[in-house]
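S.K.: Line order of the protein sequences matches chains A and B. Convert by adding 15 to the 1-based position in the first sequence; the result is the number in this note's numbering. Convert by adding 38 to the 1-based position in the second sequence; the result is the number in this note's numbering.
Rather than coming from a laboratory, the hints here were simulated on the basis of the structure. From a predicted model like this one, the values you see are computed outputs, not experimental measurements. From the three backbone atoms N, C-alpha and C, an ideal C-beta is built for every residue, glycine too. Warning: the hint list may mix true and false statements.
With a straight-line cut-off of 27 Å between C-alpha atoms, the simulated DSS-like cross-links for lysine-lysine are [as the list claims (entries may be wrong)]:
#1 A:LYS27 to B:LYS60
#2 B:LYS197 to A:LYS160
#3 A:LYS160 to A:LYS137
The following label-pair restraints were derived from C-beta to C-beta distances [stated by the list, open to error]:
#4 B:ARG493 to A:SER52: 32 to 38 Å
#5 A:ALA60 to B:HIS111: 30 to 36 Å
#6 B:GLY178 to A:SER163: 43 to 49 Å
#7 A:THR162 to B:PHE340: 48 to 54 Å
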Amino acid sequence: MSSSETYYIPHKATWPVMATIGLVTLLAGFANYLNGSSVGPGMMAVGFAIFIVMLAGWFTLQATESESGLYNTQVGISFRMGMMWFIFSEVMFFAVFFGTLWYTRNLSVPWLGGEGIGAATKELLWPNFDATWPTNGPGKLVDGKPTSNGEFEPMSAWGLPFLNTLILLSSGVTVTWAHHGLLAKNRDQLIKGLIATVALGFLFVMFQAIEYHEAYTEMGLTLGSGIYGSTFFMLTGFHGFHVCVGAIILSVVLFRSTKGHFKPENHFAFEAAAWYWHFVDVVWLGLFIFVYIM
Amino acid sequence: MSAVVAEHDDHHHDDHAHGPEKGFLRWIITTNHKDIGTLYLVFALAMFFVGGAMAMVIRAELFEPGMQFVEPHFFNSMTTMHALVMVFGAVMPAFVGLANWMIPMMIGAPDMALPRMNNMSFWVLVAGVLLLASTLFMEGGAPASGWTLYPPLVLQTGKALPFAIFSVHLLGISSIMGAINIIATIFNMRAPGMTLMKMPLFVWTWLITAFLLIAVMPVFAGAVTMLLTDKFFGTSFFDAAGGGDPVLYQHIFWFFGHPEVYIMILPTFGVASTIIPVFARKPLFGYSSMVYATASIAFLSFIVWAHHMFTVGMPIAGELYFMYATMLIAIPTGVKVFNWTATMWKGAMTFEAPMLFSIAFVVLFTMGGFTGLMMSIAPSDFQYHDTYFIVAHFHYTLVPASIFILMAAGYYWLPKWTGHMYNEKIGQLHFWLSVVSVNILFFPQHFLGLAGMPRRIPDYAVQFADWNMISSIGGFIFGASQLLFLYIVIDTIRGGTGEKVTDEVWEDAHKHGLEWTLPSPPPYHTFTTPPTVIPTEHI
Numbered sequence: 016m017s018s019s020e021t022y023y024i025p026h027k028a029t030w031p032v033m034a035t036i037g038l039v040t041l042l043a044g045f046a047n048y049l050n051g052s053s054v055g056p057g058m059m060a061v062g063f064a065i066f067i068v069m070l071a072g073w074f075t076l077q078a079t080e081s082e083s084g085l086y087n088t089q090v091g092i093s094f095r096m097g098m099m100w101f102i103f104s105e106v107m108f109f110a111v112f113f114g115t116l117w118y119t120r121n122l123s124v125p126w127l128g129g130e131g132i133g134a135a136t137k138e139l140l141w142p143n144f145d146a147t148w149p150t151n152g153p154g155k156l157v158d159g160k161p162t163s164n165g166e167f168e169p170m171s172a173w174g175l176p177f178l179n180t181l182i183l184l185s186s187g188v189t190v191t192w193a194h195h196g197l198l199a200k201n202r203d204q205l206i207k208g209l210i211a212t213v214a215l216g217f218l219f220v221m222f223q224a225i226e227y228h229e230a231y232t233e234m235g236l237t238l239g240s241g242i243y244g245s246t247f248f249m250l251t252g253f254h255g256f257h258v259c260v261g262a263i264i265l266s267v268v269l270f271r272s273t274k275g276h277f278k279p280e281n282h283f284a285f286e287a288a289a290w291y292w293h294f295v296d297v298v299w300l301g302l303f304i305f306v307y308i309m
Numbered sequence: 039m040s041a042v043v044a045e046h047d048d049h050h051h052d053d054h055a056h057g058p059e060k061g062f063l064r065w066i067i068t069t070n071h072k073d074i075g076t077l078y079l080v081f082a083l084a085m086f087f088v089g090g091a092m093a094m095v096i097r098a099e100l101f102e103p104g105m106q107f108v109e110p111h112f113f114n115s116m117t118t119m120h121a122l123v124m125v126f127g128a129v130m131p132a133f134v135g136l137a138n139w140m141i142p143m144m145i146g147a148p149d150m151a152l153p154r155m156n157n158m159s160f161w162v163l164v165a166g167v168l169l170l171a172s173t174l175f176m177e178g179g180a181p182a183s184g185w186t187l188y189p190p191l192v193l194q195t196g197k198a199l200p201f202a203i204f205s206v207h208l209l210g211i212s213s214i215m216g217a218i219n220i221i222a223t224i225f226n227m228r229a230p231g232m233t234l235m236k237m238p239l240f241v242w243t244w245l246i247t248a249f250l251l252i253a254v255m256p257v258f259a260g261a262v263t264m265l266l267t268d269k270f271f272g273t274s275f276f277d278a279a280g281g282g283d284p285v286l287y288q289h290i291f292w293f294f295g296h297p298e299v300y301i302m303i304l305p306t307f308g309v310a311s312t313i314i315p316v317f318a319r320k321p322l323f324g325y326s327s328m329v330y331a332t333a334s335i336a337f338l339s340f341i342v343w344a345h346h347m348f349t350v351g352m353p354i355a356g357e358l359y360f361m362y363a364t365m366l367i368a369i370p371t372g373v374k375v376f377n378w379t380a381t382m383w384k385g386a387m388t389f390e391a392p393m394l395f396s397i398a399f400v401v402l403f404t405m406g407g408f409t410g411l412m413m414s415i416a417p418s419d420f421q422y423h424d425t426y427f428i429v430a431h432f433h434y435t436l437v438p439a440s441i442f443i444l445m446a447a448g449y450y451w452l453p454k455w456t457g458h459m460y461n462e463k464i465g466q467l468h469f470w471l472s473v474v475s476v477n478i479l480f481f482p483q484h485f486l487g488l489a490g491m492p493r494r495i496p497d498y499a500v501q502f503a504d505w506n507m508i509s510s511i512g513g514f515i516f517g518a519s520q521l522l523f524l525y526i527v528i529d530t531i532r533g534g535t536g537e538k539v540t541d542e543v544w545e546d547a548h549k550h551g552l553e554w555t556l557p558s559p560p561p562y563h564t565f566t567t568p569p570t571v572i573p574t575e576h577i
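Okay, chain B solo, but in the shape it has when bound (with noise of 0.2 Å):
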C-alpha cells in the first residue's frame, strides 16, 4: 500500500502518482471521495431500477382485482423488499454518494477525513443488499412482513430470517461508518473561512443526517437482534407468553423508523436549499432559519414515533401527547417551504431540468406534508391507518420529494462531474413524463385509502378496480420514463452534447458554492491547498 501526502502546493502535484488506479481494481480499493462516491450513486441507480422492477410487479398484480401473475406470499414479500431495496439500497446510498462527492469540493477540503473507512462503509452496503437480495431464492421466500419486520408475523419468515437481520446490521454498519466520516469531515476538514454558518445548506442538512443515522441505526440493530434471539435462542422480547410485547417491538422501530425517514428526507431539503437559488439567481431566503429549522426537524424526529402506532392500544395520554408533537413538524417544515417560496420570489428564473424538479418537489413535498398533518390527527388516523392513504402520503413524501431531489441533483451536478453538458430536451421530456405520471401514480391512492383499501394486499374489492387501474397505468407510465434518465446518465459520462461546460456550469453558480470554482471534471484530488476565497452569495 503506498502512501501518498497530499501535497502542500499545486505545483508540486504530480499527477502521475496521485491519478486513480489503472483499470478495474481501481473502484475495489480507492480511497478517493469522487470515485466512492460514483459507486455509490452508480449503485444506487442500479438499486432503484431493481427496487422499481419490484414497483412494477405490484402494480402489474393490482392492475385488476383478483390474483393475476404472482402468489400472494411473493406479493407481500415484494412490497417488504421493494420498501428495503428503496430505503436502504437506493435512496439513502444516493444521498451519501452526493455526500461523498460535494461536501468535500463544498468546504474546500481534500478528501473525506478517513479514507479508508469511507471504502468499507460503501463494501459494506454491498454487501448488506446482497445478503438481502439472496433471500429472494431462499425457502420459504424472501421476508414479506412489511419493511417494519413486525414480530410474530416476521418470525415466521423461512430460511430467510437470519439472513434479512444480518443484512440489516451490515447496512447499519455501513451507514454509521459512512454517517462518522461525513461528521469528522465537516467538523475538521473545513477550509480556513468556512465556518459553520458559511456552509452550504447541503452540508449543513447532511451534518444533521449524519447525527440522526449514528444515533438511531444501532436503535435498529438492536431491535431485529432481539428478533433473531427470540427466533433461535429462546427469549421472550416480543412474547406476551414471557412477559415480553410485540407492541415494544413496534416502539423501538420506530424510534428508529421516524429519524429514518427524515434521514431521506433533509439531505433532500439540502439539495433543494442549492439548486433553487442558483435557477432564481438570488440568494437563498433564510438562511440561518433553513439551519435551524432542520436542526428542530432532526430534534423532533426523536419525539414523535408513537404517530405510527395510534391504533396499537396505548394509553389515551400517549395518544395524545404522540398528536401534539407530530403536529409541531409542521412549523419548521413550513419555515423551509416558505424560504423556497421567497428564494424564487421575483427571481430571474430559468426552468433547466434542475430545476422544474426542485420546484416539483417543493409543491408535491407540500402535498405530502398536508396528508401527513391530517395522519398525526389521532382519531382521524384510525380511518387512515394501514391503507392506501398511508402508501400515497409516504410515496408523496418519497417519489416527488426524494427521488426528483436526487434526479435534480443528478442534472445540476453531472456537468461538473462528467465535463460534458446532459441533452436538456430529454432531461424535459423527463420531467414532464415524471411529473404527470407520479401524480397518475400516487393521487388516486388518497381516495382508495379513504375508500377504504387495506395496504400490503394482493387482491381487492371490486368498488377500487378503476383507481387501482389508474394507478397502475401511472406506475408503468413513471418507470418507464426512468429509463430516459438512465439514458442521459450514460449518454452524458459519454460526452453529452458535446457542449464544453464551464468550470461554472451554470450561471453565476460560483457564487453559491466552492464547486464551481473548480474545473469541470475536477481533477482527482481537488483542494490539496485550502481555498482562501468563500462564496458568501448564500448569506
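Chain A extracted, bound-state conformation (with noise of 0.2 Å):
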C-alpha cells in the first residue's frame, strides 16, 4: 500500500542501456568465439568491460542516492521484493540441474540398462550397458568422445568438499554476526563479520579450483566424463560461479561499510547481500547431500 510519503521515482536513466550493451556485446562475443570467429575474444572483452564500468557506476549511484536519504520505507519494500523474487528465479534456474541429475539418475540411465520402458533400448543399443552410478554412458565417454574402456573416479565427499561444507556454513554464521554488529550500531564487529565472510568465501573458491584441478589432472574426471561429469560440473561450477558473484557482492558491502554506509533501520544492499549468500549456502548443501553423499 502506498504511504502518505513520496515515493522516489528516478528520471534518465543511463546504465540499463550501458548494461544492455555491455551484456549483448559479450554474449554476442562469446558466441562469436564459439564459432571460432577471431572476434570472439576482442568483443567479450569489451563487453565485459562495458558491463563492469556500469555495475560500478550504477552501484554508485544507488548507493549515493541511499546514503542521501532518497529511499523511503516503501521503496526499500521494493528493492527487497526486487532480491527475494530474483533469488526466487535463481532456485528455479538451479532446480533444472538438480532436475536433470534426478531424472537421469533414477529414469534414463536404469532405462538405458533395460529397466522399465527401456527392456528393448537395452537389447538394441547397448546390450553391455550395466546400469550403475556414476556412469559415462554406455558409450565410455572421456572428454565428450566414445571410448572403449575409458573410465573415470567419481569425486568423493569427505576430502575438501566437506571442507567446503564447514566452510560455507562458517561465512553464513560470520555474516549473521555482521548482520548483529550492524544493527548494534557496532561497525568494528560489522567490518570484522563481512571480512570473515568474504575470506572464506574466496578460500570455499579456492578449495573448489583446487578439486577441479585434482578432478581434471588425477581422476579423468571432466565435463565431457559422460552424464556424471556433466551434472558434476554444470551443478558445482555454477554454483561456484555463484560463490564468486556473492564474494564480490560482500567486498562492495564491505567496502560500503568502512565508509560509514548503512545504519540499523536503512540496510538493504547489506541485507540483499546476506540473503544472497544464504541462498548460496543452501544450493551448496543440495549439492553436497545429493551430487557428493549420495
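With the hints as a guide, bring the two chains together.
M.R.: Next comes the structure, spelled out in C-alpha cells:
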C-alpha cells in the first residue's frame, strides 16, 4: 500500500542502456568465439569491460542516493521484493540441474540399462551396458568422445567438499554476526564479520579450484565424462560462479561499510547480499547431499 | 542524472521539471511507465508484422503442393522464427506494454516500483530480439528445428546456434526483470483502499502471470544452456551414449513451455474481463471466481507439461497422469467462459470494436479450448500429434484469442492514451475482415491435421491441396487486414476522427477502473498523490 510519503522515481536512466550494450556485446562475442571467429575474444573483453563499468556506476549511484536519504521505507520494500523474486528465479535455475540429476540417475540411466520401458533399448543399442551410478554412459565417454574402456574416479564427499561445507556454513554464521553488529551500531563487528565472510567465500572458491584441478589431472573426471561429469561440473560450476558473485557483492558491502554506509534502519544492500549468501549456502547443502554424498 | 521526487501535492507539481526529456533521447533513457509502455507496444506491433511476414512466406509456400518459393531448410527456419518472434517479440512484449501503461494507473500508483529496471528490461528485450534476428543472415541459416529447439536436431544448426541460445538468455532476463517489477508494483504500490480483491482483473491476471514468468524463464535458460554445453563443451545431457537422454530436454522445455503458453493467455483473460463489463454495462459476473480460476489455471500449468510428449515413449502411468491432469484445466477455463457469457447476459450491449474483438475471443478461444480437450486424451493424441490439427489448435488459442484481445485492448485504450478517438468505421471493417479470414485461415487446418498432414513441412501430398489453398487465401486476407490496424493506430495518434474524447471515453467507464478518472491523454505523471476514490463496480 502506498504510504502518505512520496515515492522516489528516478529520471533519465543511462546505466540500464549501458548494461544492455555490455551484456549483448559480451554474449555476441562469446557466440563468435564459440563459432571459432577471431573477433570473439575481443568483443567479449569490450562487453565485459562495459558491464563492469556499468556495475560500478549504477551501484555507486544507488549507494549515493540511498545515503542521501532519497529512499523511504516503501522504496526499500520494492528493492527487497526485487531481490527476493530474483533469488526465486535463481532457485528455479538451479532446480533445472538438480532435476536433470534426478531424472538421469533415477529414470533414464536405469532405462538404458534395460529397466521398465528400456528393455528393448538395451537389447538393441547397448546390450552390455550395466546401469550404475556414477556413469559416463554406455559409450564410456572421455572428454565427450566414446571410448572402449574409459574410466574415471567419482568425487568423494569427505575430503575438500566436506571442508568446503564447513567453510560455507561458518561464513553464514559470520555474515549473521556482522548483521548483528550493524543492528547494534557496532561498526567494528560489522566490518570484521564481513571480512571473515568474504575471506571464507574466496577460500571456498580456492578449494573448489583445487578440487577441479585434481579431477581433471588425476581422476580423469571432466565435463566430458558422460552424464556424471556433466551434472557434477554443471551443478558445482554454476554454484561456484554464484559464490564468486556473492563474495564480490559482499566485498562491495564491506567497502561501503568502511565508508560509514548503512544504518540499523536502512541497509538494503547488506540484507540483499546476506540473503544471496544464504541462498548460495543452501544450494551448496543440496549439492553436498545429492551430488557428493548420495 | 537528475533526481526528482514525486510531489506529494499536485498543486506543487512543476510540469517543466517533471516532463519528458526533449528529443529522441527521451525514449532511450526514460524511466516513465507510460513511455516504456509505449516503447513495448510499438516494438511489439513492429514484431507482429515481422513475424506476420514470415507467416506469409509459410502460407505462400504451402499455397500449392510442390516447392514454389523457398528452400526446405529456409522454410523450417521460417516456422521456427515465426514462432519465436511472435511469442517473444510480439505477444509477450505487447502484454508487458499494456501492464506498464495500465497497472500503475489501475491501482493508483505514481509509476512502476523499479523504474530503472523497467527501462533495462525493455532494452534487453530489443537486444535479444536483434540477436535472434541476426541468425537469419548467418552461415547455415537461422535455427530450423521448431521453436521447441529439440536436440539432437537443433544441435545441427550452423553458426546461428550460440546466438539463438544467448538471445533466449537475454529474452529470459528481460522477462524476469519485467515480471519482478510487476509483482513489486502490485504488492507495494497500490493506493490506500485498493485491496487485492478490489484490483481490476487485468492486474490480477498479470500478477499471476508474472509469477509464472519468474518460475519458468530460468528453466528455459537452463535447458538451452545445456544445449550449448552439449554442443561446445562435451557434456552429454541429451546424448544417450554418455548416459543422458534427449527426452529430458523435452521434459524441461515443456515444464517451461506449458506455463509459457499461459503467460500469453492469462493477461488475455484479464483484458477480456476488463472490456466485456464496460460494453455490457454490467459488473463482471463472478469476480472472485475469476481470480481463483486464474490461480488454478496457473497452478495446473506446472503439472501437465508432458501432454506435449504423449508419443515420446513414457511409462503408461505417466501418460495417464498427464492425461487426467490436463483435463482438469477445462474446469477453471469453463468457469471463465461461463462468467464472460453471464456478464453479457441481459446486458445493455453495444458493439464497438473492442467489444466485437472480445466477443470473438470468447467464441473462438472456446473453439481452441475444445480442440485442446480432444488432444488431452492420450490415445487420441497419438493421431493428432505433430499434425496440422495441433497447428490449428494453438493458433485458435493465440490468434483469435491473444492477438484479438490485443487488438481489443488497442481500440479500448488508444483514446485514453492519445486523447483522440479512433475511426470506428475502419475498426469495424478491420474486425469483420479479421474474424472471417482467421477462420478461413485456421479452420481448414483441423481437417488437414485429421487427414494426416504433418506440421513443419514445405511440401505435401496432393490430397491436402484444396484445404491448403483455402487456408493460404485466408492467411493473405488476414495478413493484409492487419495493415488496417496499423493505419488506425497511426491515424489515431495523429488526431483520429478529431473528436475530443472525454476522461471516461466509454459510457460509465469510470465505474470500472481508475484509469478512466484521469484526463485523456493522462499527464506524464499520474497519481503522484494516491487517489482515494476506488471504483467498486466490478465487485
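S.K.: The structure should be examined with respect to each hint, and the outcome stated for every one.
M.R.: Cross-check of the supplied hints:
Restraint check for A:LYS27 and B:LYS60: the C-alpha separation of about 11 Å stays at or below 27 Å, so the hint holds. Taking the CA atoms of B:LYS197 and A:LYS160, the gap is about 22 Å. The hint holds against a cut of 27 Å. Restraint check for A:LYS160 and A:LYS137: the C-alpha separation of about 20 Å stays at or below 27 Å, so the hint holds. At roughly 34 Å, the beta carbons of B:ARG493 and A:SER52 sit within the given window of 32 to 38 Å.
Roughly 34 Å separates the CB atoms of A:ALA60 and B:HIS111, a value that falls within the hinted 30 to 36 Å. B:GLY178 and A:SER163 have their C-beta atoms about 33 Å apart, which leaves the hinted 43 to 49 Å range violated. A hinted range of 48 to 54 Å for the beta carbons of A:THR162 and B:PHE340 is inconsistent with their spacing of about 40 Å.
Of the hints listed earlier, those the structure fails to meet are numbers 6 and 7, in rising order.
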